[in-house]
Structures are given as C-alpha cells and as structure tokens.
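Residue numbering for the sequence shown follows this note's numbering, starting at 28 and increasing by one per position.
For the record, the hints were derived by calculation from the structure and aren't laboratory data.
Fair warning: this is a prediction, and the values are worked out from it, not measured in the lab.
Don't take each hint at face value.
Simulated crosslink set (DSS-like; lysine-lysine; CA at most 27 Å straight-line) [unchecked claim]:
{"hint": "1", "residue 1": "Lys153", "residue 2": "Lys111"}
{"hint": "2", "residue 1": "Lys210", "residue 2": "Lys153"}
{"hint": "3", "residue 1": "Lys59", "residue 2": "Lys126"}
{"hint": "4", "residue 1": "Lys111", "residue 2": "Lys126"}
{"hint": "5", "residue 1": "Lys126", "residue 2": "Lys95"}
{"hint": "6", "residue 1": "Lys95", "residue 2": "Lys153"}
{"hint": "7", "residue 1": "Lys199", "residue 2": "Lys210"}
{"hint": "8", "residue 1": "Lys111", "residue 2": "Lys59"}
{"hint": "9", "residue 1": "Lys111", "residue 2": "Lys95"}
Label pairs and their calculated CB-CB ranges [claimed, not checked]:
{"hint": "10", "residue 1": "Pro64", "residue 2": "Val166", "range": "32 to 38 Å"}
{"hint": "11", "residue 1": "Gly129", "residue 2": "Leu74", "range": "25 to 31 Å"}
{"hint": "12", "residue 1": "Phe224", "residue 2": "Gly115", "range": "24 to 30 Å"}
{"hint": "13", "residue 1": "Trp182", "residue 2": "Leu88", "range": "39 to 45 Å"}
Where is the CB? At the ideal position from N, CA and C, for every residue including glycine.
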Amino acid sequence: MRTIIQLVRFGWEQALSCLFPVVIFASLAITKIIELPLLPRYDWLLLIFLLMQWWMVRSRLETRDELKVITLFHLIGLALEIFKVNMGSWTYPEEGYSKVFGVPLYSGFMYASVASYLCQAWRRLKVELVDWPPFLLVVPLGAAIYLNFFTHHFWLDIRWWLSAMVMIVFWKSWVTYEVGGIKYRMPIALSFVLIGFFIWVAENIATFFGAWQYPNQMEAWSLVHLGKVSSWLLLVIVSFLIVATLKQVKAEPASNVGGSQLIKS
C-alpha cells in the first residue's frame with residue numbers, strides 16, 4: 028500500500044512539473060480540431076504559449092531564474108529548428124505570420140517545455156546530483172552533442188560515439204530525488220533514457236496533431252521512427268547538462284557528503 032501511495036505522489040509531482048508540456052499538447056489538439064478566427068493556427072499557438080509563460084512566472088510557478096533558463100532553451104531549440112527545416116529533416120506546412128525561415132516561433136517553446144519540466148521537477152522532487160563529473164568534461168561533451176545535430180549533415184554522424192562517451196563520463200553519477208519525505212536514487216544515465224523515451228512518445232502525439240511533419244508523414248500520419256529516441260536522448264542530455272551546470276554555477280560551493288559530490292536543487 029505504501030508503494031502505491033508513493034507512486035501516486037511521484038506521479039502527481041511529475042504531472043505538476045509537466046504543466047507547460049500539457050498546455051502545449053492541449054493547444055495543439057484544440058487548434059487542430061477547432062479553427063480559430065483572425066490569425067493562422069501557428070500564430071495562435073505562439074500567443075497561447077507566451078501567455079502561459081507569463082502566467083507561470085506571474086503565479087510564481089516558475090522563478091525568474093528558471094525563466095532565463097527556459098528562454099535559453101527556446102533560442103537553442105529555435106536555432107536547431109531553422110537549420111533542420113532548411114535541411115529538409117521536417118517541415119511546418121501551414122501558413123503563419125510568425126514564421127522565420129520556414130519555422131514558426133512557437134516551435135521554440137517545445138524545447139523550452141523540456142527545460143520547464145526539468146526545472147520544475149528539480150525543485151519539486153528536491154533533486155541532488157551525486158558524483159557529478161568535472162565542469163571541463165561536462166561542457167565540451169554537451170557542446171559536442173549539440174553540434175552533432177548540425178554537423179552530421181556534412182560529416183560523420185558520431186551520435187553513438189557521443190552516447191558511449193556519456194556512459195563513460197557519467198558511469199558513477201547518480202541522481203537522488205525525494206517523494207513524501209523519502210529519498211530515492213537512480214543512475215543518471217537511466218534517467219536520460221527514461222526522459223528521452225517519454226519525449227519520443229510526446230513527439231508522436233505532437234506530430235499527430237500537426238505540430239510539424241516528417242517526410243514520411245506527408246501523405247498520412249505514421250509513428251515516428253523509434254530511431255528518433257536516440258536523438259531525443261541526446262537532446263535530453265544536453266538539456267540536463269545545461270540545467271545542472273547552471274545550478275552548479277549558481278549554488279554555493281558543493282559539499283562533500285560521504286566522499287560524494289552533491290549539487291543541491
């Protein structure tokens with residue numbers, strides 16, 4: 028019975044942390060079913076997401092520091108979207124006034140929502156990182172993962188080499204979190220895989236509601252290839268590394284507990 032209660036508590040905290048992604052999916056579904064007047068769908072989505080972001084800061088569901096992190100992710104994601112769309116990886120076929128180089132500005136919020144989830148979950152679950160690798164390893168690895176999304180179009184795709192590097196660098200690293208006053212822990216690499224898989228599930232929902240289209244979805248919607256999990260896994264790693272590094276920079280000097288380096292939320 029206690030296990031069930033803890034699972035319910037954990038699920039509730041996760042649901043609260045996913046508030047921004049839930050609004051995104053609901054907006055995609057509603058605007059797909061109901062045609063809103065005056066503006067194209069993509070522009071309505073941008074307005075909805077901007078209002079949602081304003082409300083979350085206004086209601087103190089997100090802090091101003093978290094807003095800075097989320098804005099950074101919006102810009103990182105938008106740059107990646109513009110590049111990928113112009114390389115033909117996927118398209119945004121609908122019209123919109125807020126499209127830049129074929130990419131609607133609302134698309135950056137889909138990346139920002141990942142950062143929103145990480146920041147919210149970090150705070151709600153009192154996340155701590157154990158045996159976090161040195162800054163000089165984490166930053167170059169995160170940069171290499173992000174750059175590979177661009178460079179593999181012109182050079183070798185080294186995602187599997189990078190994935191192996193992640194396993195090596197984070198082999199001894201754990202993430203701890205608290206549910207109902209009880210602490211749990213799991214390997215950081217496993218948390219990367221789990222978040223990446225659930226984002227792939229979310230991607231299928233998003234493409235079903237027309238957030239964007241892959242080339243194989245032009246005629247009719249089809250399941251996003253399972254191989255995309257590797258892309259989302261690497262993107263989650265970049266997201267996690269940025270959030271963790273920023274928290275490490277902002278936090279007080281890390282304390283040593285039982286010989287393990289801790290980074291508190």
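Here is what the structure says about each hint:
1. Distance hint between lysine 153 and lysine 111 is unfulfilled; the C-alpha atoms sit about 35 Å from each other, more than 27 Å.
2. With a CA separation close to 9 Å, the supplied pair lysine 210 and lysine 153 stays within the 27 Å bound.
3. The hinted pair formed by lysine 59 and lysine 126 meets the criterion: a straight-line CA distance of about 18 Å does not exceed 27 Å.
4. Restraint check: the Cα-Cα separation between lysine 111 and lysine 126 comes to about 14 Å, which is no more than 27 Å; the hinted pair holds.
5. Only pairs whose Cα atoms come within 27 Å are accepted, and lysine 126 paired with lysine 95 is accepted, the gap being roughly 23 Å.
6. With a CA separation close to 20 Å, the supplied pair lysine 95 and lysine 153 stays within the 27 Å bound.
7. For the proposed pair lysine 199 and lysine 210, the alpha carbon gap of about 18 Å is at most 27 Å, so the pair holds.
8. Annotation: proposed proximity of lysine 111 to lysine 59 holds, straight-line Cα distance about 24 Å (limit 27 Å).
9. For the suggested pair lysine 111 and lysine 95, the alpha carbons sit about 24 Å apart, so the restraint of at most 27 Å is met.
10. For the hinted restraint 32 to 38 Å between proline 64 and valine 166, the CB-CB distance of approximately 47 Å leaves it violated.
11. A C-beta distance of roughly 20 Å is found between glycine 129 and leucine 74, which places it outside the suggested range of 25 to 31 Å.
12. Under the hint 24 to 30 Å, the C-beta atoms of phenylalanine 224 and glycine 115, about 26 Å apart, fit the expected range.
13. Judged by the Cβ atoms, the range 39 to 45 Å given for tryptophan 182 and leucine 88 holds: they are separated by roughly 42 Å.
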